[in-house]
Amino acid sequence: MRISTTSDKSVNQNQPNQPNQPNQSNQPNQQVGIGKPQASLWARLWKKSHGLLVVIFWIMTWGIASLSVGQELLIPSPQVVFGRLAVLLSSKPFYVTVLASMGRIMAGFLLAVAAGILLSVLTETVPFFKRLFAPLVGMIKATPVASFIILALVWLNSEGVVTFVSFLMVLPLVWGNLSQGIRTTDRDLLEMGRMYHFSRWKIIRYVYIPAVMPHFISAITTGIGFAWKSGIAAEVLGTPKGSVGQALYEAKIYLETPDLFAWTLVVIVLSLIIERGVLWLIHWTAARL
Amino acid sequence: MGIELIKVSKAYGHQIILQDFTLSLPDKGIVCLQGPSGCGKTTLLRLMAGLEQPDHGEIRGTASQKSDGAPLKIAMVFQEDRLLPSLSARRNIAIVNKDVDPDPLMDRLGILEAADKQVHDLSGGMQRRVALARAIAYGGDVYLLDEPFKGLDPDTKKKIMDQFKPLGRHALIVFVTHDAAEAAYLGEQIIELTGPPLHRKEACLKQDLL
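Residue numbers (this note's numbering), protein chains in the order written: chain A, 3 to 291; chain B, 50 to 259.
Keep in mind that the hints were calculated from the coordinates and are not lab data. Possibly wrong hints are sitting among the right ones.
Calculated pairs, PhoX-like style, for lysine-lysine (alpha carbon to alpha carbon, straight line, at most 20 Å) [stated by the list, open to error]: (1) Lys243/A - Lys231/A; (2) Lys214/B - Lys204/A; (3) Lys56/B - Lys250/B; (4) Lys147/B - Lys204/A; (5) Lys132/A - Lys143/A; (6) Lys214/B - Lys122/B.
Every beta carbon over 12 Å from chain A, so not counted as near; a handful from chain B, in silico [said to hold, decoys possible]: (7) Lys56; (8) Ala60; (9) Asp69; (10) Gly78; (11) Ile108; (12) Ile123; (13) Leu136; (14) Leu154; (15) Arg157; (16) Ser172; (17) Pro215; (18) Asp228; (19) Ala230; (20) Pro246.
Just so you know, even glycine gets a beta-carbon here, dropped at the ideal spot from N, CA and C.
With the rest of the complex left out, here is chain A (with noise of 0.2 Å):
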């Protein structure tokens, strides 16, 4: 199943069925071959300067802003941030740190997916559970996250707390886009099914996957960044050893902005790549499908 259009994949998928071509002059086809690959490198590098020019804004933004105000306790400047950066990505213990968190975090992502797929798949089929679990949806959306927080940290340790609130964060998230992706299948294409006598793996494959795939895709895409945000919080609240949160929290005690900025952008790191890798993942997944 093809979602987005991989131009880069075809051209590398047809070179090797050239020399195969009743085409006389293997030479020119295979500088073709290699001609094609540098100019989309080149153009890919320009694409990837552009990123960078725009990051490049931002940090020169934020340096001046740091300058005006001029006290590095209120914005740190990014000299500092980022020097601050380095001695943590030097340090082992910052990476036991960050993979203790993160562990917990997108368990409690992957939970979510997994539980929101089968509850909208259940909501959606059976309207009795539909009716029954529409107020606790409700009721997850509408609570402050401090206050699951605070709840979960009376029920559980405070590791088991940050897996759980990202967990309910994103569970409704997920539960809900697919529902809507459910629902919105169309009608039209299930019917067409029904009279060509589709398998029922044949009507999920080719019906309702590529109907729910957009949905799901936004569910994880802001799902991840949810994630990360609760967990966080969870984290600085609950304070486990050895996490990020923690770090924050160490950060606010003893006054460090230029800690708390530097922690935050490992976070918003993390998460980037993450949310790229899972994306490339469904990708990957559904191509092959």
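Using the hints, position chain B against chain A.
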């Protein structure tokens, strides 16, 4: 007897589409249901397909039940193309019958060069032909075609209609149109309808001129 409707009534809310409508169709041949837009032809076709249940009356010979008991195999072309958007033209056809090679069929319908394209990259006329090719590839005892040739230019239309003519020797083809020329060219039996509520204007058996 292919399909038989006995005193069938169907209404959507207060809108009565069919009232005590009776019609019997042979088990092979090409029958054209001709009538103005909105007279209830599509509802009639959907009732025959078993996609709608009649409020009153009886339908014999639908997807659920042949006159001798076994279900009829029905290949349907809807008013909309209803193609699977994530698949190529070829796979849209192959998916309904893995035992049929879609390429010769696509060639006859003039869509072979579009075989590997995603269906949403095809023109309207091409998409229509993919939907028609899908029905032919599926095969069946009955073909129910709802305005099958709309959006096709006259030459293509004729070419496609010629593909359906031989199918009428072994199966029942029911096609709906408001185009009298289409009806005259392809229909062996033309049933003129009007409504709603749907009723027959007149029936005439067209003599085979050839």
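Going through the hints against the structure:
1. Lys243/A - Lys231/A: Distance of about 18 Å is within 20 Å: holds.
2. Lys214/B - Lys204/A: violated (31 Å)
3. Lys56/B - Lys250/B: holds (17 Å)
4. Lys147/B - Lys204/A: Distance ~13 Å between Lys147/B and Lys204/A Cα, so the pair holds.
5. Lys132/A - Lys143/A: holds (16 Å)
6. Lys214/B - Lys122/B: The given pair, whose Cα atoms are some 19 Å apart, holds under the 20 Å limit.
7. Lys56: With a cut-off of 12 Å, Lys56/B remains clear of chain A, as the shortest Cβ separation is near 25 Å.
8. Ala60: With a cut-off of 12 Å, Ala60/B remains clear of chain A, as the shortest Cβ separation is near 20 Å.
9. Asp69: Answer for Asp69/B: holds, closest chain A Cβ roughly 27 Å.
10. Gly78: holds (22 Å)
11. Ile108: holds (16 Å)
12. Ile123: About 7 Å separates Ile123/B from the closest Cβ of chain A, which leaves it inside 12 Å; violated.
13. Leu136: violated (7 Å)
14. Leu154: holds (16 Å)
15. Arg157: holds (20 Å)
16. Ser172: Non-interface label stands for Ser172/B: nearest chain A Cβ at 19 Å, farther than 12 Å.
17. Pro215: holds (22 Å)
18. Asp228: About 23 Å separates Asp228/B from the closest Cβ of chain A, which puts it past 12 Å; holds.
19. Ala230: Holds, since 28 Å exceeds 12 Å.
20. Pro246: holds (24 Å)
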